[in-house]
Amino acid sequence: MSSPTSTTNPVPNQCQIWVILCLGDRVNSAHTHISIICDQERVNEPSSDKSLSLLSSDDKKDDMEDEIQMDDTQEETAEDLSDQQLQNDLIHLGDDEVMSNLSEESQRSFNIDMKSDSEISRLDKGAIDDYLNRSNEHLKTAVAGNNSDSDLKARCLTMHLQNMEIKMAVEAAPECERLIAGLEGIEFPLGTPVINWAAHNIKTFLPFTGDLGLSDRDSQWVFIMANAYDAGAVRDAPQFAVILEVPEELCRNSIHSNPLKHPATIRDVFVQDIRHHLANNRAVVIKKCSLEQGYGFSVEDIGMIHPSINHGVYWQDLMECALNFSRSDDEQKEVVKVTDLTEFILNVHDTSVCGNVLDLLNLRPDAPQWIHVLADDLNSLYITRRDHYGNPKCSKIVDTLDRTFQGPQVILYDMWRAQGWDIITHGSAVTYVHHDVSGFVTYVYLQLGSKLWGIICVKKDIKLTTHDDLFKAYDMILDESWTGIQAIAEIGMILLEEGDLLLQPPGAWHTVYTPLKGMTSGGHLVSYNSLHLTENICAYDHSMDEENVKRGSYATNESTVNSFI
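First residue of the sequence shown: 32, per our numbering; consecutive thereafter.
Keep in mind that a hint or two might mislead.
Okay, the calculated beta carbon distance ranges per label pair [to be verified]:
hint, residue 1, residue 2, range
1, GLU202, ALA310, 16 to 24 Å
2, THR496, ALA518, 29 to 37 Å
3, GLN363, CYS282, 45 to 53 Å
4, ARG358, ASN258, 23 to 31 Å
5, ALA310, HIS403, 40 to 48 Å
6, GLU577, THR496, 40 to 48 Å
Simulated from the structure, these hints should not be mistaken for lab results. C-beta atoms are modelled at their ideal positions from N, C-alpha and C, and glycine is treated no differently.
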């Protein structure tokens with residue numbers, strides 16, 4: 032292979048760099064071939080003149096064999112690759128710094144060869160131009176750790192192509208394999224076992240933390256989840272969930288709108304239905320209530336939501352969690368780590384890393400319109416302003432002051448930030464049984480990916496007559512040996528996919544498996560109709576267990592236990 036400084040190129044201001052990207056762990060099983068055109072004369076031209084194209088190897092294989100000079104090893108490798116594995120992704124990129132200044136580590140990942148200018152005329156231009164056009168601005172400030180800007184762009188480009196390969200695999204796969212298609216060797220190590228979720232007729236990979244020989248606890252728990260009920264199909268369950276359809280009149284651009292029905296009236300009926308189910312301790316799932324925004328799992332797209340993408344974030348290292356299961360109490364290590372958000376996103380295709388970023392602050396959350404109607408805690412801020420509207424005694428100074436200073440004058444930051452957050456998760460993440468912020472209704476909206484969400488409730492035949500009986504039942508649900516939860520509780524599973532919305536009543540016990548990378552948006556609210564559940568779970572969190580430990584310290588996020596004090 033000739034070096035990037037080769038003089039064999041007859042046109043010194045234009046060069047083509049042939050790149051072989053090794054995708055994930057598949058160093059010997061599959062490659063994506065990228066041809067990057069670096070045109071020094073057009074570096075400063077508008078981005079619309081830059082083109083980025085993909086060509087399949089089936090169309091170009093013969094031509095490439097005539098024009099590309101490869102050493103003996105590469106020729107043998109190319110001959111062994113199947114037509115499906117050999118994909119020639121040709122990219123026209125008007126910035127030669129992406130490849131020319133790669134670090135030594137990146138150079139080892141790329142086999143670079145100079146090509147003649149004759150290839151430029153053969154490019155199928157315009158296939159994915161928008162990727163580079165969208166990425167340039169966001170990548171200017173997204174420099175993770177010690178990586179150079181060119182390293183970062185190369186890594187982002189690699190992720191983009193891997194995401195495209197996964198998308199194509201999903202489109203070609205059977206419906207039951209849509210959560211595993213294209214992931215092996217990119218998000219999951221080669222050879223990761225597959226498990227069938229019979230209630231949902233889908234397959235997923237088992238958590239790959241168990242494949243490292245660290246602990247199979249995660250896999251054992253996922254096996255229990257996979258054999259649970261379909262929560263939406265069990266109508267006589269004491270809790271679980273209901274599936275609601277968005278009324279046609281509330282859907283934008285509906286062609287079935289009835290002019291005799293006012294959308295506001297329909298919305299009120301729909302919201303009252305949600306309130307009723309939450310009050311009866313049932314989760315509510317609203318399928319495919321897609322918002323207008325559409326994002327991909329990339330530094331560029333997530334940077335649209337979180338512009339300061341190079342800031343540090345706290346994340347749970349689930350590999351370390353797996354190790355801790357096999358360690359003694361004295362050997363336990365910290366599982367919460369800090370890294371740049373950019374680095375965390377790019378590590379999603381590193382099969383040696385599995386992480387979960389919780390409570391990523393989002394003060395401008397996406398939420399369907401009826402969420403605003405359900406949020407009585409926020410609506411009350413406006414309702415209090417009406418207290419004095421009808422007061423006829425406005426001549427008194429005190430009445431004027433009341434009118435001027437109606438409603439709350441200060442809002443705590445924690446109350447504001449509780450309204451919206453994002454969660455970014457790598458595939459294979461397991462979250463064990465817990466309940467969310469003490470006393471609040473939680474809503475969760477799937478922006479990207481999928482979640483297998485388990486709702487846990489006490490069995491109907493268990494007689495509970497006092498708060499103490501109920502709290503002891505909750506203790507058994509949290510028993511880490513899992514014998515208690517199987518004896519006293521039932522698990523109902525919900526499959527959440529992109530566009531689905533979940534609302535959980537206060538104190539809902541749940542567990543989550545993330546079968547592939549994704550991003551979830553959500554928030555917390557208080558509903559008048561479910562305040563009895565708020566009171567119950569707050570009482571539990573502030574009570575002491577048999578070892579005189581406050582239950583809220585391990586049943587939920589300890590920092591939220593005092594939310595209602």
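Open item on the list: Output the indices of the hints that this structure fails to meet, ascending.
Closed with: 1, 2, 5, 6
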